[in-house]
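Going down the list, the sequences are from chains A, B and C. My numbering runs 602 ahead of the 1-based position in the first sequence. My numbering runs 186 ahead of the 1-based position in the second sequence. My numbering runs 43 ahead of the 1-based position in the third sequence.
If you're looking for bench data, these hints aren't it; they were derived computationally from the structure. From a predicted model like this one, the values you see are computed outputs, not experimental measurements. Among the clues, some could well be false.
[Said to hold, decoys possible] Restraint ranges, calculated between C-beta atoms of paired labels, are given here:
no.	chain 1	residue 1	chain 2	residue 2	range
1	C	Ala218	A	Val883	46 to 52 Å
2	A	Asp790	C	Thr222	30 to 36 Å
3	B	Pro195	C	Val252	47 to 53 Å
4	A	Thr818	B	Ala200	55 to 61 Å
5	A	Thr827	B	Val477	27 to 33 Å
All C-beta atoms in this analysis are idealised placements derived from N, C-alpha and C, irrespective of residue type, glycine included.
Residues per chain are reported as follows:
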Amino acid sequence: MSTLVLTLIIGLGLGALYFLVASGLSLIYGLMHVLNFAHGAFLTLSAFVGWAVAQAIGVSSWGGFLLSVLAGALVGAVFAALTELILIRPLYERHIEQVLVTVGLSFAAIALFEGIWGTDPVTVTGPAWLGQTTSVLGASIPNKYWVLIIAAGIVLAGLVLFLKKTRYGMIIRAGVENRAMVTALGIDVRRSFTLVFAIGGAAAGIGGVLAMHAMTYVSAHLGSTLLIFAFIVTVVGGLGSLTGAAVASVLVAVLQQVANTYLGGTGDFIVVILLAVVLLVRPAGLMGKRA
Amino acid sequence: MRSIRDLLPLIVGAAVVVVLAVLPLLNLSIPGILPGATYTPGSLALMSLCMVFAALALSYNLMLGTAGLLSFGHALYFGAGAYGLGIVLQAAQLPLVPAVFAALLGGIVIAVVTGAVAMRVSGIPFAMVTLAFAQAGSVLVRRNQAVTGGEEGLSLNTAGVPDWLVGVINTRNLYWVSLAVVVVVYLIVLWVDRSRLGHLAAAARENDLRVRVLGLQPNRAKLIVFVIAGLCASLAGIAYLLLQSGTQPSAVGADLTITVLVMVVLGGVGFRWGAIVGGVVYTILDQRLTVLARADAIHQLPDILRVPLSEPLFILGVLFILVVMFLPGGIAGTVDGWVRRRRGRAVPDTGIAALEQSDTAGVVAR
Amino acid sequence: MSAPILQVRNLRASIAGQQVVEDVSFDVPATGITAVLGRNGAGKTSTLRGILGLISRRGEVLLDGERIDALSTHRIVQRGVGYVPEDREVFAGLTVAENLALAERQREPRREFVAQLFPDLIARREQRAGTLSGGQQQMVSVARALLNDNRLLLVDEPTKGLAPKIVTEVADALAEAATTVPMLLVEQNLEVVRRLADQAIVIADGRVVHTGTASAILDDADLTRRLLGVSAEEHA
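With the hints as extra help, turn the sequences into a complete structure.
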């Protein structure tokens with residue numbers, strides 16, 4: 603029983619992490635039809651900077667931790683916004699080239715990170731509480747997962763509020779449905795593009811700092827492994843759907859953990875099967891628009 | 187009666203192959219690019235690697251340029267060839283030739299299964315499925331230490347391999363094997379492009395609906411092209427295993443596919459010789475830039491310049507971005523444009539720009 | 044006779060490389076409704092979309108004497124061009140109120156005017172636009188264009204697929220709107236055209252083949268049959 607509880611809660615925590623990374627991807631694709639391969643690079647840079655900030659202030663202090671998360675969000679947002687302005691915007695409406703340019707950016711960024719910070723993973727520590735466990739129904743849950751769940755919850759709530767209550771949020775919701783009509787109402791969607799990239803980058807940045815603590819290391823390739831899962835989650839949930847991304851994150855992560863625990867470490871494999879099955883049965887994703 | 191004009195590309199091609207075949211016997215030096223004279227094992231190994239990747243790039247160009255299939259999992263078939271041969275040689279103790287056939291067969295089967303599943307969807311979902319399959323393959327390889335050697339990689343079990351293909355002294359023979367592989371792959375790709383199958387796939391790439399309205403079945407053509415491309419990739423993978431005397435998990439994952447994508451885009455999507463150029467240029471840059479980076483000139487630069495310049499992948503990534511943004515036809519597309527302009531002919535969209543105009547782009551953007 | 048509000052000169056437009064407007068030139072007077080007639084596939088919708096820059100186009104388009112053919116869509120609309128697209132294109136996931144709010148461009152939009160024309164919409168403010176009937180969606184689409192002080196409205200088949208009673212309501216709304224702003228109206232329903240339109244142009248195969256007053260064209264049964272393929276009485 604305690605194993606089941608542990609598996610489920612870790613699955614939820616991992617799902618929270620996937621959501622942080624996938625939420626931005628989903629919104630970016632939904633509005634701009636750009637599959638952002640550089641999303642992992644946003645995440646990695648945010649983690650490195652977050653770690654530097656935490657070290658400057660004090661790795662075991664909560665102040666340092668919170669500031670590192672904030673720094674991660676900021677770095678992610680800025681990196682993403684710059685990417686959109688310099689690389690994506692000039693290629694307006696050329697979707698294949700936009701995807702390719704993000705591939706190139708990811709390529710170059712990872713190489714640059716290796717050059718700056720080396721190829722070996724850097725061990726990361728945080729406030730003592732993160733490394734401890736809490737007992738729930740007989741299972742010892744590592745506390746870092748609570749942080750992930752709380753952070754994802756806050757980000758989800760923030761995003762939903764933003765989308766429902768602000769004018770930009772309304773523009774983005776409308777733009778995901780029908781971008782051309784939004785321009786036909788006299789609205790410059792391109793500003794929303796930069797905004798969506800920045801928001802996605804911030805969420806990825808938060809995810810990056812937290813992922814670093816969850817895995818207790820940071821390296822140039824931190825983003826790449828997470829990115830693949832984020833892609834899978836985005837496609838399973840339905841490209842462009844925030845709720846879809848949330849549901850799919852939990853589904854994929856829990857399934858992965860269950861398979862790892864009870865089916866002998868086949869978690870990664872099962873996730874790929876899930877993706878194939880979903881795509882064969884419902885190509886638009888669980889909550890995507892029907893094609 | 188075929189005119190000399192028609193036969194010219196054939197003659198040029200044959201001449202190039204002859205020159206390449208003869209290189210290991212010559213004492214040519216290309217300083218900066220080759221580590222030594224053309225008969226030295228170091229240079230031969232580099233040139234062989236170039237040809238293996240040129241073959242891989244050709245196979246990917248067949249998929250992307252001809253059939254318009256944006257796959258992010260092509261490395262799976264390359265790895266299937268490499269690991270397939272390695273595992274068969276180790277486990278089944280077969281001699282080389284049957285083992286190669288077994289590995290190729292394995293590659294075909296994997297390509298058919300994954301291709302059939304992936305092609306149930308198109309555009310971005312298709313790309314994602316292929317990516318996921320490659321990742322699954324990478325995970326399978328990494329976790330099954332007993333069979334695949336896990337993270338360390340699989341080394342070539344030389345028991346079944348004829349002596350003349352083993353060892354540094356025989357790099358020359360491996361060079362000729364690699365040359366044979368790239369020539370075979372080129373001929374296969376050429377044949378497909380010129381055949382009805384290739385024309386059908388290309389037409390479907392441009393305008394899927396029009397092809398269906400004509401009562402034809404574009405998906406079957408695309409699947410066949412997909413499988414042939416996978417087969418060629420497996421062949422390249424086999425040569426890779428022999429050349430490197432082993433293989434490692436990075437030969438299977440998404441990273442390698444992205445690498446191949448970079449090669450093909452740099453070279454020029456849709457151009458066979460572009461794919462070859464892309465494969466060769468990439469391999470040389472990747473292998474030689476690390477050496478160049480250690481040179482004193484770079485070493486003395488301030489950190490902010492030195493660090494990026496000593497990472498070959500950074501330079502390649504930036505080059506890739508520049509090509510995509512400003513030269514979407516790649517090297518081959520740009521040269522093709524010059525030649526056409528000089529002849530006063532119209533310059534059609536090439537490379538990525540051509541793909542943007544085709545159905546592929548519309549599907550990707552959905 | 045005042046200057047035309049819109050002048051189109053040698054407009055060419057294409058969709059995904061396919062030429063859909065070959066060479067279209069016409070003027071839209073500064074008052075009243077100008078109908079765009081033609082068979083299916085003649086290029087009427089594409090002409091409108093070309094004027095707005097929603098599809099790739101070449102040629103000259105002047106709004107009140109100023110060139111707009113090089114501007115992007117949102118800039119053209121900001122200059123005072125309202126658009127009521129074919130098939131309504133309301134945002135299904137947004138409420139009626141949100142659909143309207145999105146369209147508001149000026150500090151004081153004409154909310155009372157719209158409320159008076161479409162009281163039903165005001166009652167359904169919080170309803171998701173995707174759950175509205177076709178006629179109600181059409182009202183939203185028209186209302187969007189009327190909220191701002193536009194100089195010209197481009198209206199594309201507003202009565203398509205609607206029940207006769209709703210057709211009348213939509214036509215009423217458009218007639219009312221036309222008292223304040225000139226309109227370029229693509230319409231297949233010839234009764235509506237006869238009721239609303241002053242001038243008319245006929246498009247075939249991406250070119251203008253006839254211009255004149257609406258009544259002159261519709262009163263001439265032979266002309267109508269030749270240009271539009273139907274008789275004026277049948278197609279109502």
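Quick rundown of the hints versus the structure:
Distance hint for alanine 218 (chain C) and valine 883 (chain A): a CB-CB separation of about 50 Å, consistent with the stated range 46 to 52 Å. A hinted range of 30 to 36 Å holds for the C-beta pair aspartate 790 (chain A) and threonine 222 (chain C), which are about 31 Å apart. The supplied range of 47 to 53 Å is met by proline 195 (chain B) and valine 252 (chain C), whose beta-carbon atoms lie about 50 Å from each other. Our hint of 55 to 61 Å for threonine 818 (chain A) and alanine 200 (chain B) holds, since their Cβ atoms are close to 59 Å apart.
A hinted range of 27 to 33 Å holds for the C-beta pair threonine 827 (chain A) and valine 477 (chain B), which are about 30 Å apart.
Violation of the numbered hints given earlier is absent; every hint is satisfied by the structure.
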